[in-house]
Amino acid sequence: MRSAPLSDDDSELIAQVKADPLRSDAAFEKLVDRHHSMVYTLCLRLSGSRADAEDLMQEVFIRAYVNINGFEGRSAFSSWLYRIAYNHCLNFLEKRRTAQASENAFAIDQVGDHPSTERNDAVLQTLARLPPDQRSILIFKYVMGLELEEIADAMSTSVGAVKMRLLRARESFRRHHQAPGAPTKKAAP
Amino acid sequence: MMDSRETFETWNSLKAEPRQVVVERLKSRMRLIRFGKDMLATNAWAFWIVINALLKLLFSRAPNRG
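Line by line, the protein sequences are chains G and S.
To get the working numbering, take the position in the first sequence, counting from 1, and add 1.
To get the working numbering, take the position in the second sequence, counting from 1, and add 15.
Looking at chain G on its own, in the form it has when it is part of the complex (with noise of 0.2 Å):
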């Protein structure tokens, strides 16, 4: 796991909002500001659905900042956020799993969330035919643009597992995306 420094505007931010949790709204609101954009990402390319991505999102920040005791700076602020979103929405699939329904949504709900083009919706097909924890690591590598260290503290395992795994869901994902129907291969990452 690493050892990432915090980012001196984060930690000053934690810094108030610890030393004073009732007096802090401010501090913590410009958490969100800086970091809903991400969170709301992996919640809405996990899920696959707009409604259930603002959902997750809430309750994503909800649960930081009840918990923000227990962050220990160890890691990037963001870092433990991905986490808890990540562990989140992990959850809300396994609760949720019911495979076809699920891909359905995935298909009709991002409409209007990207620049719809062929390309972009053959993409998203293929990410929501892969299993929860191949597709997390897609997002977090290609479309959240994270390094490696973020996401193995993301995911809270090793730098190693976070390549092997990368390496398994970048084949899976060659190989959905190079089935019969899928629209295009040219996307594959």
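Rather than coming from a laboratory, the hints here were simulated on the basis of the structure.
For every residue, glycine included, the Cβ atom is placed at its ideal position computed from N, Cα and C.
The reader is advised that the hints may include incorrect statements.
As the list claims (entries may be wrong) - Restraint ranges, calculated between C-beta atoms of paired labels, are given here:
| id | chain 1 | residue 1 | chain 2 | residue 2 | range |
| --- | --- | --- | --- | --- | --- |
| 1 | S | Ile-48 | G | Arg-97 | 20 to 28 Å |
| 2 | G | Ala-162 | S | Ile-48 | 57 to 65 Å |
| 3 | S | Gly-51 | G | Asn-88 | 24 to 32 Å |
| 4 | G | Leu-149 | S | Leu-69 | 32 to 40 Å |
| 5 | S | Trp-63 | G | Ile-63 | 21 to 29 Å |
| 6 | S | Val-36 | G | Lys-19 | 40 to 48 Å |
Using the hints, position chain S against chain G.
This is chain S only, laid out in the frame that chain G set:
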């Protein structure tokens, strides 16, 4: 491990923004939580008196018909 600029743009375009109204709703919920904690922390004695009074009232009105 991006093969081309086009591929990078495809993945990059999958980033999303929540609606502003959702972010505002989240902030309101956090303020509400903070308000609840604040009330409990600063007015714990008042809550204790109210709850105590309610309990007394409840038990004093309980029927005692042997």
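Structure-based check of all given hints:
no., hint, result
1, S:Ile-48 with G:Arg-97: 20 to 28 Å, "holds (26 Å)"
2, G:Ala-162 with S:Ile-48: 57 to 65 Å, "violated (36 Å)"
3, S:Gly-51 with G:Asn-88: 24 to 32 Å, "holds (25 Å)"
4, G:Leu-149 with S:Leu-69: 32 to 40 Å, "violated (57 Å)"
5, S:Trp-63 with G:Ile-63: 21 to 29 Å, "holds (27 Å)"
6, S:Val-36 with G:Lys-19: 40 to 48 Å, "violated (29 Å)"
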